[in-house]
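There are 2 protein chains.
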Amino acid sequence: MANTLASIITIGDELLIGQTIDTNSAKIAQMLNAIGIDVIRRVAVGDNKAAIVKALNEEIVAADIVLITGGLGPTADDITKPLLCDYFGGKLVVDEKVLAHVKGIFEKRKRPFLERNLKQAEVPDVCTVLHNRVGTAPGMLFEKNDKLIISMPGVPFEMEAIMQDEVVPLLTAKYKSSDVIVHRTTITAGEGESFIAEQIQDIENSLPAHIGLAYLPSLGGVKLRLTGKAHDLALLTTEVEGFQQQLATRLEKIVIALEDKPMEVLLGELFTAKGVSVALAESCTGGYIGHLLTQVSGSSDYFKGSAVCYANEAKESVLGVNSNTIGEYGAVSEQTVIEMALGAKRIMNSNIAFAISGVLSAGGEDYRVPVGTVWTAVTDGENTKTKELRFYHDRIRNKESAAQMGMLMIWRFLNNKLK
Amino acid sequence: MANTLASIITIGDELLIGQTIDTNSAKIAQMLNAIGIDVIRRVAVGDNKAAIVKALNEEIVAADIVLITGGLGPTADDITKPLLCDYFGGKLVVDEKVLAHVKGIFEKRKRPFLERNLKQAEVPDVCTVLHNRVGTAPGMLFEKNDKLIISMPGVPFEMEAIMQDEVVPLLTAKYKSSDVIVHRTTITAGEGESFIAEQIQDIENSLPAHIGLAYLPSLGGVKLRLTGKAHDLALLTTEVEGFQQQLATRLEKIVIALEDKPMEVLLGELFTAKGVSVALAESCTGGYIGHLLTQVSGSSDYFKGSAVCYANEAKESVLGVNSNTIGEYGAVSEQTVIEMALGAKRIMNSNIAFAISGVLSAGGEDYRVPVGTVWTAVTDGENTKTKELRFYHDRIRNKESAAQMGMLMIWRFLNNKLK
Chain A
11 MANTLASIIT
21 IGDELLIGQT
31 IDTNSAKIAQ
41 MLNAIGIDVI
51 RRVAVGDNKA
61 AIVKALNEEI
71 VAADIVLITG
81 GLGPTADDIT
91 KPLLCDYFGG
101 KLVVDEKVLA
111 HVKGIFEKRK
121 RPFLERNLKQ
131 AEVPDVCTVL
141 HNRVGTAPGM
151 LFEKNDKLII
161 SMPGVPFEME
171 AIMQDEVVPL
181 LTAKYKSSDV
191 IVHRTTITAG
201 EGESFIAEQI
211 QDIENSLPAH
221 IGLAYLPSLG
231 GVKLRLTGKA
241 HDLALLTTEV
251 EGFQQQLATR
261 LEKIVIALED
271 KPMEVLLGEL
281 FTAKGVSVAL
291 AESCTGGYIG
301 HLLTQVSGSS
311 DYFKGSAVCY
321 ANEAKESVLG
331 VNSNTIGEYG
341 AVSEQTVIEM
351 ALGAKRIMNS
361 NIAFAISGVL
371 SAGGEDYRVP
381 VGTVWTAVTD
391 GENTKTKELR
401 FYHDRIRNKE
411 SAAQMGMLMI
421 WRFLNNKLK
Chain B
11 MANTLASIIT
21 IGDELLIGQT
31 IDTNSAKIAQ
41 MLNAIGIDVI
51 RRVAVGDNKA
61 AIVKALNEEI
71 VAADIVLITG
81 GLGPTADDIT
91 KPLLCDYFGG
101 KLVVDEKVLA
111 HVKGIFEKRK
121 RPFLERNLKQ
131 AEVPDVCTVL
141 HNRVGTAPGM
151 LFEKNDKLII
161 SMPGVPFEME
171 AIMQDEVVPL
181 LTAKYKSSDV
191 IVHRTTITAG
201 EGESFIAEQI
211 QDIENSLPAH
221 IGLAYLPSLG
231 GVKLRLTGKA
241 HDLALLTTEV
251 EGFQQQLATR
261 LEKIVIALED
271 KPMEVLLGEL
281 FTAKGVSVAL
291 AESCTGGYIG
301 HLLTQVSGSS
311 DYFKGSAVCY
321 ANEAKESVLG
331 VNSNTIGEYG
341 AVSEQTVIEM
351 ALGAKRIMNS
361 NIAFAISGVL
371 SAGGEDYRVP
381 VGTVWTAVTD
391 GENTKTKELR
401 FYHDRIRNKE
411 SAAQMGMLMI
421 WRFLNNKLK
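Going down the list, the protein sequences come from chains A and B. For the first sequence, the tail end lands on 429 under the numbering used here, and the numbers increase by one without skipping. For the second sequence, the tail end lands on 429 under the numbering used here, and the numbers increase by one without skipping.
Excised from the complex, chain A in its bound form (with noise of 0.2 Å):
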């Protein structure tokens, strides 16, 4: 039996003009892969029917599952559910269940029930209504020869329930498939991916046809992804595992992680594992490696606090770094970095703590170093290391960086693999 194939479709002027920024694809896809069904294509469109249809056509063409989100709100705008109810020869009739729903949810917020909310209860009498539990727009599901058509609202929030509460569940019912799919990823850090590619060509070459290797540059370092197909799950598993593993054996030295887990998942199980708590002083980072650290759930068994002081005199009276180191070496040097890891540690009364001070654009306020100088510093009270960093790029992608660095750096500290 061949692999389910899926289409995704998104709909909206606001993905064609650059607004929005298409996170929906990429969350269905997660969501797909995992019960074994291919995306083969995504397609974004206006809100435009002559678009529309013409999108439909292609992809009910070429796949199994076409997915659909957006344009399935109360605006004028809003004209994907009308388009669908044509397309698919129905009419469109008040759903009582959704209705009630919907009611209930301008209840709840305490907001008047307009007559322009019963649209939202309207649904094609030719689809399956698919609850959406977090929101008022329905999701709908239509068959045109054994293909299925699923149309979600455009909300993340919203598509993702429909998809967790009723999309996965219909699927991985309809379509058992023969095939399963694999991915295995490693993280490595501090080496570009031609040196890897050198490295581990042998491996690589000796991959069976069923087993992709790709390369996946991020920053600070690339990941590697092995996907294997096969018909056994188990087979499959050892065998992707014992490639993954040559890899992480060959690339010993700048592996981090045999999981793509976000650095912040990484170090939330190292300080967990360790039983260690940690403070942060952010000077450049302006607090994102204290919001990193904080999107981990049970992050608050072990991240104590960030003193973010970006004005140097926060440094002093925060921080109680030396207002003389400030001034004989600059708000940027190893000395203040030592001083704010050290002041962090005290005033958060972690076990451990790490200091980041840097100049990420032109404008910055100190000139003792070239823009894109950062230092950083981590301590355990007993052990202090420091690391001078450079970066190239614009702020927004210096910041990015400068965060990712100072995590692995602390992750570095804490596997004592830090020179």
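Note that these hints are calculated values from the structure, not bench results. Since this is a predicted model, take the numbers as computed values, not measurements. Hints are not guaranteed to be accurate.
For the chain B half of the interface with chain A, some residues (derived, Cβ under 10 Å), not all of them [what the hints assert, rightly or not]: (1) L25; (2) T85; (3) L223.
Heads up, the beta-carbon is just placed ideally off N, CA and C, and yes, glycines get one too.
Place chain B on chain A using the hints.
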């Protein structure tokens, strides 16, 4: 003359398995839109020859310009360059200028130049090379039946540099559009799509055919985007801005801005205009508001810092919150955020301070308030305003909403619009 139409093809398996979110398409669309070129479709395909060729065939028919990103790296999974070479009937040759540039980059980064990297300097002899100032993979321009096909690397900042340096000037010169496009976005906060639609129905109905209105729901509010297309830029601008003014007058109570700028940028302008410095005390947002404020260039002029105190003991030791206050009212309470705000103002020596403390997801420490409860306070030392917020989603989304609502609260405080 008809408008110039563009289509974007992004290439990479990572896009189809949801490992990577496609930000390139949005960026390209923005840049094309600014020079009057309409993006009509965006298609994402995998690292698969047949799929890429199919997409090329289709998009070359549909559009005047096809922009491609991805698949230009030095490794085996990068198949775009040889494919385009075949597609346009050329052969790969080493470009001496590109070679010198690539070697220069390796020298600068102190990396060994490998045999494999020679491939980076190969280009099809039927293309025009588009210089990549910031990376090793050159862009390529092909022409076929008066259509332009442009291939760029998938690394976002490399793509952006090539667009800026090469593609935009080239397209601006070639396609002097007879029509111009004018967008004006109005940001509102506090009301939903349906409510707004009801309020402005008559204005929406009075829009001429060449001006459209789109509702873009966003965290905490709705953006209203007017898009006009016509020959005369000055005339069209006046017309679109006239309608925007009508919307703004009608929706006066909920309008935040007449420009599509993130709240951190609007706040930055406000701090600068009023000559006010700001400090934060963040608990549940973990540094995220500080991060957002410091995304703005020049933020060091008004942002003093943020005391991110996740642990209660840090709220006491760093911000001077009275332990009795936390004991009696809880860490998520009006009393605590007031003391946090006053503490942040004191230790950072700022003109105003904002504090936020809440429980964003189950598993948080404070069981005295329901999950989703967030308390905020803003103070200038004399006046202190507080507000209780409630969020109903997951941790990540609640944090994003809390940060947006928090910044909105600072904005309203400074505009004397806080009840």
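These are the hints, each one checked on the structure:
no., hint, in the structure
1, L25, "7 Å, holds"
2, T85, "5 Å, holds"
3, L223, "7 Å, holds"
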